[in-house]
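For what it's worth, UniProt numbering labels the leading residue of the sequence shown as 1, then goes sequentially.
Below, in silico cross-link-like pairs of lysine to any residue (SDA-like), each with a Cα-Cα straight-line distance of 25 Å or less:
hint	residue 1	residue 2
1	K45	G23
2	K202	N61
3	K306	N443
4	K306	D325
5	K45	P222
6	K248	Q413
7	K248	T62
8	K277	K315
9	K202	A119
10	K478	R249
11	K458	I442
12	K478	E131
13	K112	Y126
14	K315	Q302
15	K198	T121
16	K274	N410
17	K478	E143
18	K358	G102
19	K142	F72
20	K358	D383
21	K112	N73
22	K248	V140
Ranges between beta-carbon positions, derived for each pair:
hint	residue 1	residue 2	range
23	G362	E88	28 to 34 Å
24	T46	E88	28 to 34 Å
25	D400	V352	19 to 25 Å
26	M482	D63	23 to 29 Å
27	T46	T360	41 to 47 Å
28	L247	M482	24 to 30 Å
Because the hints were derived from the structure by calculation, they are not lab data. Even glycine gets a Cβ: it sits at the ideal position worked out from N, Cα and C.
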Amino acid sequence: MTSTNKTIQHARHWINGEWVDSGIKKESINPSTGEVIGSYVEGGKTEAEMAIKAAHDTFTNTDWRTNRELRFNVLQEMVQAFDARQDELATILATENGKILGEANFEISLVKPNLNFAASTIYTTYGRAAEWSAGKFSVVLKEPVGVAGISVPWNSPVALLIRSLAPALAAGCTTVLKMPGQTALTNATIADILASIKSLPKGVINMVTGERELLETIVTHPHVPTISFTGSTGTGRALQEEGAKQLKRFGLELGGKTPLIVFNDADIDALIPKAEKALTVFAGQFCMTGSRILVQSDVAEQVRQKLVERLANVKVGNALDPESDMGALIDMNSVNRVDGMVEDAIAKGAKVLLRGGKFTDGELAKGAFYQPCLLEVDDNQADIVQSEVFGPVLTLQVFDTEAEAIELANGTQYGLAASIWTQDVDRPLRIARAIEAGTIWINDWVVMRDEFEEGGYKQSGSGRLRGMASIEDFIEYKHIVMQPGVAGTSAD
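Construct the complete structure from the given sequences, taking the supplied hints into account.
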């Protein structure tokens with residue numbers, strides 16, 4: 001299967017091992033400069049149906065779903081292929097997505113352990129058998145569910161693609177990937193890497209770049225029984241409602257409003273740099289962004305002062321500039337949306353500790369840049385607290401007691417992650433058990449391991465990615481009952 005995509009200046013779809021150049025032609029924009037850096041074709045229903053047919057035919061007519069050795073070899077080759085082109089992939093990701101180059105490299109570094117863990121599950125995820133009465137046996141098989149639809153967001157298109165794709169392949173599914181137009185050239189580079197994997201059969205992975213029509217076709221098609229979606233809570237709800245008509249299964253990782261809960265015995269000097277990164281990584285365009293800081297009253301003034309100083313000194317700049325601490329948002333529409341949310345919060349009573357905001361002059365005014373913003377809020381029901389901003393905007397709230405901290409932390413529809421800061425021995429576990437979130441860090445933020453599950457409570461999603469649970473969205477359980485009897489006894 002030889003790649004023919006020799007340039008990343010124009011991105012095409014990759015379907016059944018072939019490059020497909022159909023759809024609406026659009027431009028790819030560098031959010032750091034506003035310049036056009038290439039073009040791509042946006043696919044829709046036609047391209048989706050081509051990809052689904054290829055995936056369905058491969059699942060039905062080849063041994064992919066039963067050949068564990070083949071699947072293991074493909075995942076191991078993927079590790080080598082991504083390793084060989086990490087620098088190239090990181091550069092185009094930073095250029096097209098806006099995140100600084102160090103963050104792009106970090107994102108791609110997540111690919112190898114994810115693939116390796118998924119490969120390990122191929123030879124450990126078996127069914128079971130038991131003789132439940134004399135001469136009577138049950139065999140439970142774990143079989144791939146079929147074609148998996150995977151919808152990938154633009155904020156971390158490499159890591160979040162592999163996070164869903166790896167367990168789907170390990171389970172034996174074939175796949176249709178809905179990729180975001182904002183990172184079309186990155187998508188093309190990923191497809192080119194996949195096309196270089198010699199042991200990968202045609203039709204196992206099919207990649208189409210597109211938006212609503214593409215996603216709707218995948219979700220409603222009868223040959224796609226399972227959907228892995230990462231994105232907003234609103235879109236996740238709508239997809240699940242539509243898919244329910246065919247009783248489709250969904251793995252959903254949705255929005256978040258991660259609280260950093262700071263008690264009066266916390267190590268503030270250790271907290272502040274982590275709080276900065278929790279807000280500014282990927283310019284706050286991250287489902288686990290530390291967008292709320294809840295501070296016990298005894299240390300509130302200290303945290304206010306240190307945060308203002310730290311965030312005011314964040315160097316915002318071009319993704320490829322090694323001096324930049326934070327890159328651009330994905331586009332100017334996002335800048336204006338975030339700034340509108342900040343203005344609305346201020347109008348409704350939020351206290352400005354650090355205004356930040358968009359750049360109106362100079363070189364940075366040409367890009368989608370936004371200086372970090374810090375607002376103090378008293379009302380936990382304020383829109384700026386309850387809504388996912390998806391930008392570098394941090395709200396600060398003050399509490400007095402553990403009970404109040406828990407109430408504030410749990411007081412949103414989201415439950416993806418939380419961070420607890422204290423030097424007390426017993427408090428971390430006590431508070432963590434009371435917090436309604438799928439991942440909780442103690443005196444840290446965003447420590448992820450592929451062998452441990454990741455996912456959300458409440459409106460932050462359903463199902464789990466990473467860990468052994470990650471394969472559950474992609475398998476069926478089949479119970480086979482046999483009653484051969486016992487040798488040497490009467491047949492009846």
